[in-house]
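So the protein sequences, as listed, match chains A and B. Each residue of the first sequence is one higher than the one before, counting from 122 in this note's numbering. Each residue of the second sequence is one higher than the one before, counting from 122 in this note's numbering.
Among these hints, one or two may not hold up.
A pair holds if it fits inside one copy or across any two, identical chains being indistinguishable in the list.
Unchecked claim - Distance condition first, Cα-Cα at most 16 Å in a straight line; then the derived EDC-like pairs of lysine to aspartate or glutamate:
| hint | residue 1 | residue 2 |
| --- | --- | --- |
| 1 | Lys-390 | Glu-324 |
| 2 | Lys-204 | Asp-221 |
| 3 | Lys-204 | Asp-222 |
| 4 | Lys-301 | Asp-348 |
Simulated from the structure, these hints should not be mistaken for lab results. None of these values were measured; they are calculated from a predicted model.
Protein chains: 2
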Amino acid sequence: MLTKTPHLFDDATKVTASDSRWQGHTSQDYWAFVGPFGGATAATILRALVDHPQRSGDPLALTVNYCAPIAEGAFDLDVRLVKANRSSQHWCVEMTQGGDDIATLATAVFAERRPSWSHPQAPYPGATPFEKTQPYPKIAAPWVKQYDFRFVEGEPVPGKTPAAPNSYSKLWIADRVPRKIDALSLTAMSDAFFARIFHAKRELVPFGTVSLTTYFHVDADDLAAEDITRVLGAADAKIFHKSYGDQNGELWSPGGRLLATTTQIAYFKA
Amino acid sequence: MLTKTPHLFDDATKVTASDSRWQGHTSQDYWAFVGPFGGATAATILRALVDHPQRSGDPLALTVNYCAPIAEGAFDLDVRLVKANRSSQHWCVEMTQGGDDIATLATAVFAERRPSWSHPQAPYPGATPFEKTQPYPKIAAPWVKQYDFRFVEGEPVPGKTPAAPNSYSKLWIADRVPRKIDALSLTAMSDAFFARIFHAKRELVPFGTVSLTTYFHVDADDLAAEDITRVLGAADAKIFHKSYGDQNGELWSPGGRLLATTTQIAYFKA
Chain A
122 MLTKTPHLFD DATKVTASDS RWQGHTSQDY WAFVGPFGGA TAATILRALV
172 DHPQRSGDPL ALTVNYCAPI AEGAFDLDVR LVKANRSSQH WCVEMTQGGD
222 DIATLATAVF AERRPSWSHP QAPYPGATPF EKTQPYPKIA APWVKQYDFR
272 FVEGEPVPGK TPAAPNSYSK LWIADRVPRK IDALSLTAMS DAFFARIFHA
322 KRELVPFGTV SLTTYFHVDA DDLAAEDITR VLGAADAKIF HKSYGDQNGE
372 LWSPGGRLLA TTTQIAYFKA
Chain B
122 MLTKTPHLFD DATKVTASDS RWQGHTSQDY WAFVGPFGGA TAATILRALV
172 DHPQRSGDPL ALTVNYCAPI AEGAFDLDVR LVKANRSSQH WCVEMTQGGD
222 DIATLATAVF AERRPSWSHP QAPYPGATPF EKTQPYPKIA APWVKQYDFR
272 FVEGEPVPGK TPAAPNSYSK LWIADRVPRK IDALSLTAMS DAFFARIFHA
322 KRELVPFGTV SLTTYFHVDA DDLAAEDITR VLGAADAKIF HKSYGDQNGE
372 LWSPGGRLLA TTTQIAYFKA
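Next comes chain A alone, as it looks inside the complex (with noise of 0.2 Å):
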């Protein structure tokens, strides 16, 4: 099932390396309305810190915020390693464009992790088998189009309003050309969330993500293990408020393992 060529999302996410500087390029197979899909942005981000040769350790928290628009085109990620002791690493990228203003910015904390005490807090979700749930229609974006998003709850259906509105989704997310889940494919999916203020009008609207942040809960080991090409997500909102609004998102494993956390604020006009 798995590719062998390099898959879309690789490609798209694909940096090269000169020191501290790193170049990109932004993807028009992942796409959005007016700029490269966050996700593929955030994931690009992630790759360079994670192909660094000073990276040690996973990912454990990424956080990135969409300071400006960006073009299509080439990028230059600013890497820099802001601090490291014995077990954890603290990075910085800024994202520029032809030596302009810093149109992203990002943090993130990779960590070696230790066997610990370990518990399972939160409940997993369930969900009908990913073969047994019905694909979304592609939709014009292109991004939308490298996934397979199977909603189990909350699907929107345009112009279909609800008695009361409805920020809930849960939903089967697969890359539309199976590739195995490593972080970077995480960190895409959990922008890969529908606006949660699409679900709550049901109608599309000016929406844009300010500020994303990813926690991965399971590091390369645990990844591999799994050995899975797709993963359960969930996510709601907990406010819509003067232009902004808010969301938080899961991401499971079919054996219903947490692999991530994530949460982000986005502005919207409505």
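Mind docking chain B on chain A? Use the hints.
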């Protein structure tokens, strides 16, 4: 009720400016076990931005990465406006001591919030009134003494191990000496929940917040209209695994308005 002389919290989070470099000093009043209370550090960083002559709008998002221990004494805050547009600003702040490595790295977003469709999606958790809830006994850490914690649910009783680990807690949080809630105290209170691992394990273990993210769902006008000196906090964890655990929390006004949401990832040894 409100103090007229400077509140200890304002002393503890005081900053003075000189261009892009601000100075602060750790506070013995808000000291934790091996360093300053992380919430005071976060609030101090936010204060440098709120007080900055170039600042416009209100805090929307703050992420603080605790990179290294902070020693008792003075520190510098290197404050940088990374990007500004019509209605929002992106900031980056680096805290150092005596020219050493970065001890704390933070990013923040400020926004001028405009009227919009508004919807409080998450339900107010409710609680017994503050006056009818027992104060939590004073404990050793100085910073804890600066707060009036009153547990409605999940009060940690050391040694009393529940049948299954439970990391949920709901409690009133007020400054011990009443102080009107603003974005600064919300920031500190977003880190004032006791470590989830203490709740889950019902014991104190080595613990440290690695990264904290807080979103503000009210602007200064909203907070001024609330005119409150305490919040209802609710917090839980989703997972403890390989020495790291998460926390997600909500801070509500007594009238049932969601003021801020927060999440953090923390190291523990257990």
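Hints and how they fare:
1. Lys-390 to Glu-324: For Lys-390 and Glu-324, only the intra-copy Cα distance (11 Å) is at most 16 Å; the inter-copy one is 47 Å.
2. Lys-204 to Asp-221: Answer is between; shortest inter-copy Cα gap is 10 Å, intra-copy 26 Å.
3. Lys-204 to Asp-222: This pair counts as between: shortest inter-copy Cα distance 7 Å, intra-copy 24 Å.
4. Lys-301 to Asp-348: Within. Shortest intra-copy distance 6 Å satisfies the 16 Å Cα cut-off; inter-copy 51 Å does not.
Comparing the model with each numbered hint stated earlier shows that all of them hold.
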